[in-house]
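Asks: Sequence:
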Amino acid sequence: MLHAVVPAGGSGTRLWPLSRAQRPKFLLPLTGTDSSLLQATVDRVRLLSRPDHVYVVTGAAHAVDVARQLPEVPGDNILVEPSPRDSAAAISLAAAVIAEREPTAIMGSFAADHLVIDGGAFAKTVEKAMELAATGLLMTIGINPTGPDTGFGYLRLGAPVGPGYQLEAFVEKPDQVSAVEYVSAGNYLWNAGMFVWRVDVFLDQLKRHRPALHDAVRTLAAAWDSNRREALFAQLWPTLEKISIDYAVMEPAAAAGKVGVVPGDFDWHDVGDYNTLGQVLKANDKVGNVIVRGTGDALLSEAKRNVVVPAAGRLVAALGVDDLIIVDTPDALLVCPRDRAQEVKGLVEELKQANRTDLV
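Using UniProt numbering, you'd call the opening residue of the sequence shown number 1 and step up by one each time.
Since the hints were made in silico from the structure, they are not lab data. It cannot be assumed that every hint is accurate.
[To be verified] As a list, the in silico EDC-like pairs of lysine to aspartate or glutamate whose alpha-carbon atoms are at most 20 angstroms apart: (1) 207 / 265; (2) 345 / 323; (3) 173 / 86; (4) 282 / 270; (5) 304 / 251; (6) 286 / 251; (7) 286 / 322; (8) 304 / 285; (9) 282 / 331; (10) 282 / 297; (11) 124 / 265; (12) 242 / 215; (13) 173 / 270; (14) 352 / 322; (15) 286 / 297; (16) 282 / 34; (17) 304 / 322; (18) 173 / 149; (19) 207 / 102; (20) 207 / 175.
[As the list claims (entries may be wrong)] Derived CB-CB ranges, DEER-like: (21) 103 / 342: 37 to 45 angstroms; (22) 68 / 208: 38 to 46 angstroms; (23) 104 / 340: 44 to 52 angstroms; (24) 104 / 256: 15 to 23 angstroms; (25) 159 / 231: 42 to 50 angstroms; (26) 127 / 247: 38 to 46 angstroms; (27) 204 / 335: 46 to 54 angstroms; (28) 288 / 121: 22 to 30 angstroms; (29) 358 / 235: 49 to 57 angstroms.
As the structure is a computational prediction, the values presented were derived from the model and not from experiment. For each residue, glycine too, the CB sits at the ideal point set by N, CA and C.
Make the full structure from the sequences, and use the hints.
Replies: Following this line, the structure appears as structure tokens:
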């Protein structure tokens, strides 16, 4: 039985003004259904786990909303971070808590804000990773590239092993020329940030490469069910290194031959911006307009390939415009070309510099 961990953090600034610090994208229904990205992720891992084997790591500001959206997940399985310390702290804490309950459990980590349409294919891939994790490898799941995307890190495959491969190296986000070379080579996958391992094996590697982080999360996990937990969090959590799980453990473990990879043969989307959302969701008409379900309506005339989010409870009308993003919320309206969707996060930075924290 898999212990499934869902890290739920980040504010999704490229999806502003829909996604805000107090209600980030993983809590929003961006799946084409009424389910939030978080709920869709938990539904997907439930193919492999019981509700009491599902854990969510989230910030204090979002714990209540997470619990409300996931009533079947036990309250003690919602691990609340006092402050964000990046993915290594979040995932390591979950591993340590699970190890207290089942020392050799197999754990999987799957981000709350990714969209996977075919849950069955996802589950079959995770089962292959579990098979190799049982042998002592730290496993990651890579996605077969659909093109030379420069927005993702890559995984370079080594020798075949069981239903997967040895992971030869993690590769940073490339430039366009390098991305074309990787995809053409055929032995590179996108790094989707999905991990599967035995918790005892992972914690051993954590102790080897980040001993201070290891000792802190083991101390916190040992006190999880005691009245000392809050005091220990206040003492230890602010001291933890802010570092990603890739840099902290997976890259040095891969260099030592301890990491494997299984290709994910399923559609996977990191819903990072509105242009991606427009590509993922089904168009509402024959000319490619995508209207994201909201509280208002949209009227589009002589308009093509637009992404419209009517979230202010009123009508959004557009005439004679193509390839735009239009997001209408009660206190902010965003209009920008689809090919500049990645730049929306810059607007959030400008608002922060102007002390408009009420809008971010």
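Asks: Verify the CB-CB distance for residue 103 and residue 342 against the hinted window 37 to 45 angstroms.
Replies: holds (43 angstroms)
Asks: Mind checking the alpha carbons of residue 173 and residue 86 for me, to see if they're no more than 20 angstroms apart?
Replies: Roughly 19 angstroms separates the two Cα atoms, so the pair holds.
Asks: Are the Cα atoms of residue 207 and residue 175 separated by 20 angstroms or less?
Replies: violated (34 angstroms)
Asks: That 15 to 23 angstroms hint for residue 104 and residue 256 (C-beta), does it hold up?
Replies: holds (21 angstroms)
Asks: For a C-alpha distance cap of 20 angstroms, please report whether residue 304 and residue 322 respect it.
Replies: holds (5 angstroms)
Asks: Hey, residue 282 versus residue 270, does the alpha-carbon distance stay inside 20 angstroms?
Replies: holds (16 angstroms)
Asks: Determine whether the Cβ-Cβ distance between residue 204 and residue 335 falls within the hinted range of 46 to 54 angstroms.
Replies: holds (52 angstroms)
Asks: Taken at face value, is the distance from the CA of residue 285 to the CA of residue 304 at most 20 angstroms?
Replies: holds (9 angstroms)
Asks: CA of residue 304 to CA of residue 251, is that 20 angstroms or under?
Replies: violated (44 angstroms)
Asks: Determine whether the Cβ-Cβ distance between residue 159 and residue 231 falls within the hinted range of 42 to 50 angstroms.
Replies: holds (48 angstroms)
Asks: Holds or violated: residue 173 and residue 149, Cα atoms, limit 20 angstroms.
Replies: holds (9 angstroms)
Asks: Would you check the hint for residue 286 and residue 322, treating anything up to 20 angstroms between C-alpha atoms as holding?
Replies: holds (14 angstroms)
The structure shown violates the earlier hints numbered 1, 5, 6, 9, 14, 20, 26, 29.
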